[in-house]
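Participant: As they're listed, the protein sequences go chains A and B.
In terms of my numbering, the first sequence opens at residue 1 and continues consecutively.
In terms of my numbering, the second sequence opens at residue 1 and continues consecutively.
These are calculated hints, taken from the structure and not from any lab test.
Idealized CB from N, CA, C, for every residue including glycine.
Take these hints with a grain of salt, some might be off.
[Claimed, not checked] Heads up, incomplete: computed chain B residues facing chain A, CB under 10 Å, no partners named:
id: 1; residue: 17
id: 2; residue: 64
id: 3; residue: 109
id: 4; residue: 111
id: 5; residue: 150
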Amino acid sequence: MAGDDRIICFDFDDGFFLDVKRGAIRRLGYTPDTDIAEGEVGSPDELRRGTAPNRVIEIIDEGISDLRRALAPSGPRGVYRILPVLDVSKGRILFQGEMIASRMWARVAKSSKGDRQLLFAVITIGAEFEEIARNLSHVSNQMIYDAIGSEAVEMFTDRLQVVWEKEMGDSVLQTSYRFSPGYCDWALSGQEVIFGAVSADKIGVRLMPSFSMIPVKSISCCAIIARDIPIKYPCLFCNKVECPYRRGV
Amino acid sequence: MSDRDVLLKNLEDSVSRFSSEEVGRYIDEALGLGIPREMLKGALFQGMERVRLGLMSNEASIPEFLLTVDAMNDGLSRIVGVGGDEVQAKEPIVIGVVEQDPHDLGKNIIASIYRAYGYPVIDLGRDVAQKSFVDAVGETGSGILALSAMMSTTMERMKGIIHEVKTNYSTVTIMVGGAFIDETIAKGYGADGYAESAIDLIDETNAALRRVEDGTGWS
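The shape of chain A in the complex, shown without the other chains (with noise of 0.2 Å):
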């Protein structure tokens, strides 16, 4: 199982866009209506505006016209790389002789059981929407576009997560949730430890030393892999219960 990089590109239907922009429309504070009015949408084309005003969906509309301009020339856009956990002791889950700190996922690898896997993953949706955004006049539309943004890579990131899923699904093995540097208990500058694991300038992904990523629109993420996962997220262990990213406890 653990070995080289894997390159996924995707591709992109109505459905993907249709989503985003959903997606884009809850970041701004709206309720699409599909929201409101399950299973009333046949079609991406009769996604109704919601709250939102007019102005607002269509400058939503022009962003994901763009977004799929930029997403045109197909690319690889994410990758992924599996690596042998080496041992998990004192809040650090051990790997090829690199580490990562966080007592809060070392208890979930901790609690897992048969070989232990690291999934080291990096999404991008690349520099080309990013750049229009920038070049916008406006900044409520480079605000619109944004939200675009980040929600378009959020959803890449699911669908390799689909992907790593399968292929670990495939092997019976499980995979805990995803975590990422500079959440929960693990700094930021685990963001080098991710960029040691798995060679993202083949998506054309950089880290600045201030652990930025360029492209912006870009996520790093890691997953937990082993034959039985029963905590998949550290919520569980832990007791900040006004943490904005508590998951289901």
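Please build the complex by placing chain B on the supplied structure of chain A, with the hints as guidance.
Facilitator: Only chain B this time, still in chain A's reference frame:
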């Protein structure tokens, strides 16, 4: 209501409806009738304020407020563009995102709001070195410096910039903002002001300007 009052009301409404096209049309019409530019600016401002107040009472959203800011700026450009300099300039503002930080949307929003409220803005962009901020303040004689950082790893750079600018230009008012910045951090860095959101940016900037002018510091 006179024709002039109707026209000014239409101009105000067109801003709050975020229609740059209507704004342009009403400005052209108003200028053709000889309505003073300051009155047009006042109508634009009223339209924008209406949405800002709506934002404070949750009747409008940030995207809607920014749409009115854009309509306002389009209107101001048109007023200036057709001649005259009646749009009075306030203190010029130097703005930028600190070095190593590529996130410029927040900075662009703040710059746009400053412009809409009549401040000339010198935008240095993103990933700006400390020296460039200091040089820009010196070269432009700007009275306000606005710094943005969206990452925990880059916000620390503000401290050095603030120290350097204050050492060389002690009367400059420095505003800071970003995802991880709060008032305590702003004070700790030596900034004069901090705005939690776009809504209170102008009020907080005015408060910071008063603090620097009076030498009173944060309350």
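Participant: Given a cut of 10 Å on the nearest C-beta pair, is the interface hint for residue 111/B held or broken against chain A?
Facilitator: Check passed: Cβ of residue 111/B comes within 8 Å of chain A, closer than 10 Å.
Participant: Given residue 109/B as an interface hint, is the shortest Cβ-Cβ distance to chain A below 10 Å?
Facilitator: Since the shortest Cβ distance to chain A is 5 Å, the answer is holds.
Participant: Grab the minimum C-beta distance from residue 17/B to chain A and call the hint holds if it beats 10 Å, violated otherwise.
Facilitator: Holds, about 8 Å.
Participant: With a cut-off of 10 Å on the beta carbons, see whether residue 150/B makes it to chain A.
Facilitator: Holds: closest Cβ of chain A sits about 9 Å from residue 150/B, inside 10 Å.
Participant: With a cut-off of 10 Å, does the beta carbon of residue 64/B approach a beta carbon of chain A closely enough for the hint to hold?
Facilitator: holds, 6 Å
Figure legend: structure checked against the earlier numbered hints; every hint is met.
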